[in-house]
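The listed protein sequences derive, respectively, from chains A and B. For this note's numbering, count along the first sequence from 1 and bump the result up by 199. For this note's numbering, count along the second sequence from 1 and bump the result up by 887.
These are calculated hints, taken from the structure and not from any lab test. Even glycine gets a Cβ: it sits at the ideal position worked out from N, Cα and C. Treat the hints loosely; a few may be bogus.
[Said to hold, decoys possible] If you want the footprint, here are the derived chain B segments under chain A, 3+ residues with CB under 8 Å:
| no. | region |
| --- | --- |
| 1 | 933-945 |
| 2 | 985-993 |
| 3 | 1086-1100 |
[Stated by the list, open to error] If you only want the chain B side, here are some residues facing chain A, beta carbon under 10 Å, derived:
| no. | residue |
| --- | --- |
| 4 | Leu975 |
| 5 | Arg978 |
| 6 | Arg979 |
| 7 | Leu1044 |
| 8 | Gln1070 |
[What the hints assert, rightly or not] Computed beta-carbon distance windows for the label pairs:
| no. | chain 1 | residue 1 | chain 2 | residue 2 | range |
| --- | --- | --- | --- | --- | --- |
| 9 | A | Ala269 | B | Ser931 | 51 to 61 Å |
| 10 | A | Ser285 | B | Arg958 | 27 to 37 Å |
| 11 | A | Ser285 | B | Ser949 | 20 to 30 Å |
| 12 | B | Cys961 | A | Val438 | 41 to 51 Å |
Next come the chains, spelled out residue by residue.
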Amino acid sequence: MSLVRSTLLAAAGLAAFLLFWEAMPRLGLINPAFLPPPSTIPPAFLREVSLGIWPEAVLSSLSHYVAGLAAGAGAGVGLGLLSGMSRSFEAFTAWIVRLLRPIPGLAWVPFAIIWFGVQPSAAVFIIAIGVFWIVFFATQGAVRGVDRDLIEVAQAFGFRSPLARLAKILLPAATPGILVGLRTALGQAWMAVVAAEIFGVPGVGQRMMQASSLLSTDIVVVYMLTMAALYGLFDSAFVALQGWLLRWRA
Amino acid sequence: MGDAIIDIRALSLAYERGGQRNVILSNLDLSIARGEFLVIVGESGVGKSTLLRVLIGLARPSSGKVRLDTRPGCRTPMALVFQDARLLPWRRVIDNVAFGLEGSGLSKAERRARAAEMLALVGLGDLARRWPHQLSGGQRQRVAIARALAVEPDVLLMDEPFSALDSFTREGLQDELQRIKAQTGKTVLFVTHDIDEAVTLADRVVVLAGSPGRVAAEVRIDVPRPRQRRDAALLEAARSLRGELSRRSADL
Ligand SMILES: Nc1ncnc2c1ncn2[C@@H]1O[C@H](COP(=O)(O)OP(=O)(O)OP(=O)(O)O)[C@@H](O)[C@H]1O
Ligand SMILES: [Mg+2]
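Starting from the given sequences, assemble the full structure and let the hints guide the process.
Here it is as structure tokens:
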């Protein structure tokens, strides 16, 4: 299929979807309070922006997102490298990992609130936990999978210390795998943002809960689409960065 | 030999696998003189690569001694050109060549300059900015040679470095290598399957044979340099070496 044709089809599909969505409440098939027609979304969006609620909620969520992602990914890469490099460290942590890994990020909410209160740091903590495991396992696996032949090159040229091995070979060779994990984490962290904020930390999630309790479903949809747009933006930026970092690949 | 730069005594190496002991090299004695061009030939699997790996410190002998008399305090007294090029795919060609110089105290600009010189030497000056995946197999091999030369080792270990090249490029690089060798007085340990290549390059050819592998024969090539390819004396040396090799494999 040509690019033009597939683009046209995609646009047509989206238009049909929006039409169907618009028709359902308009024809009285669904209560508009349960499903606001799409035509009501742009005005609702402008209202939220002019009231200053939208920028504030988005900025606040973004700050949780970035901080949680940075903390979780930083710890995940760091410990993943250590665990990938050192069999002893891996063995030492094996059962700890088994114990903690199956606990869903959201199961930490009670402790997050007890430790941090209903504060941004609680949201950051929950986001970081979800991100951590993804990045940790991706990094560990990527380091484990580095071609031994390349490690030998470093040794043959006199780079024998673990640190030199890490900097010269393991880290660059593991970068593709680490980036795959980070990209998954990018999406995972968005989910965690909403979940963490639903418990009252200010941000997009909190605003959605407020709106839904007032049955202002158009506002809920505004924020759902906001998140889709922001995620799309981050993902595209990340893919571009990934492409640049991995420009050495065939 | 009095002025040996490498002296290998009673070297044995075995791989243990699943309780099985697979002896690759046994009681190998070999002495390499400073400035010598030593070529090692032998059947596939006899342990030629393994011997080079022991010398560069990638494999540990089960017993025996290797004595080195290289410059004291040198970070890279030896450099190895692997049988497969083994470039680092995330580094541009120039930075692959500069790889071994990191940690030598040279600035990045100095390392790059030295690397560019080495690239020019192997005839790839124009490809400095390429990524390894954009090179042909032969070009990759030449980058690997430049990378080894860049660290200015006392001993250059080369594991079938030209086997992936067409005969034209190969002969060019053979000449180049002899020129570098004459200029720098480096000691070269060169593994090849190609008898003509062996006699063209070598001061001495050592035949590894047997299972486990030992030094089965030695042929000295006393032909003055620069050598004329297909010179009668070289052809004669090649003939006697071929005879030696077939006699060895008949003995086994
Ligand atoms: N890591 C290893 N574990 C077990 N056996 C090995 C290992 N590496 C090499 N060998 C065996 O050691 C023997 C010698 O291998 P080596 O690579 O030194 O041969 P070679 O003389 O260089 O052969 P070629 O000319 O094909 O390159 C082979 O029989 C090989 O199967
Ligand atoms: Mg070999």
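Evaluation of the provided hints:
For a cut-off of 8 Å, the count of residues in the region 933-945 of chain B with a CB near a CB of chain A stands at 3, and the three-residue condition holds. Judged by the Cβ-Cβ criterion of 8 Å, the region 985-993 of chain B is covered by chain A as claimed, because 4 of its residues qualify and three suffice. With 0 residues having a Cβ less than 8 Å from any Cβ of chain A, the region 1086-1100 of chain B misses the three-residue criterion, and the hint is violated. The restraint placing Leu975 (chain B) at the interface with chain A holds, with a minimum CB-CB distance near 6 Å, inside the 10 Å limit.
Nearest Cβ of chain A to the Cβ of Arg978 (chain B): about 7 Å, under the 10 Å cut. The hint holds. Interface hint status for Arg979 (chain B): upheld, as the beta-carbon distance to the closest one in chain A is roughly 8 Å, under 10 Å. Satisfaction of the interface hint for Leu1044 (chain B) is found here, the shortest Cβ-Cβ separation to chain A being roughly 9 Å, below the 10 Å cut-off. A distance limit of 10 Å between C-beta atoms decides the matter here; for Gln1070 (chain B) the minimum to chain A is near 22 Å, and the interface restraint is violated.
Between Ala269 (chain A) and Ser931 (chain B), the C-beta spacing of about 52 Å keeps the proposed range 51 to 61 Å intact. Checking the proposed 27 to 37 Å range against Ser285 (chain A) and Arg958 (chain B) shows it holds: the Cβ atoms sit about 34 Å from each other. For the hinted restraint 20 to 30 Å between Ser285 (chain A) and Ser949 (chain B), the CB-CB distance of approximately 27 Å keeps it satisfied. In this structure, Cys961 (chain B) and Val438 (chain A) meet the distance hint of 41 to 51 Å, their C-beta atoms being roughly 46 Å apart.
In this structure, the earlier hints numbered 3, 8 are contradicted, and the remaining ones agree with it.
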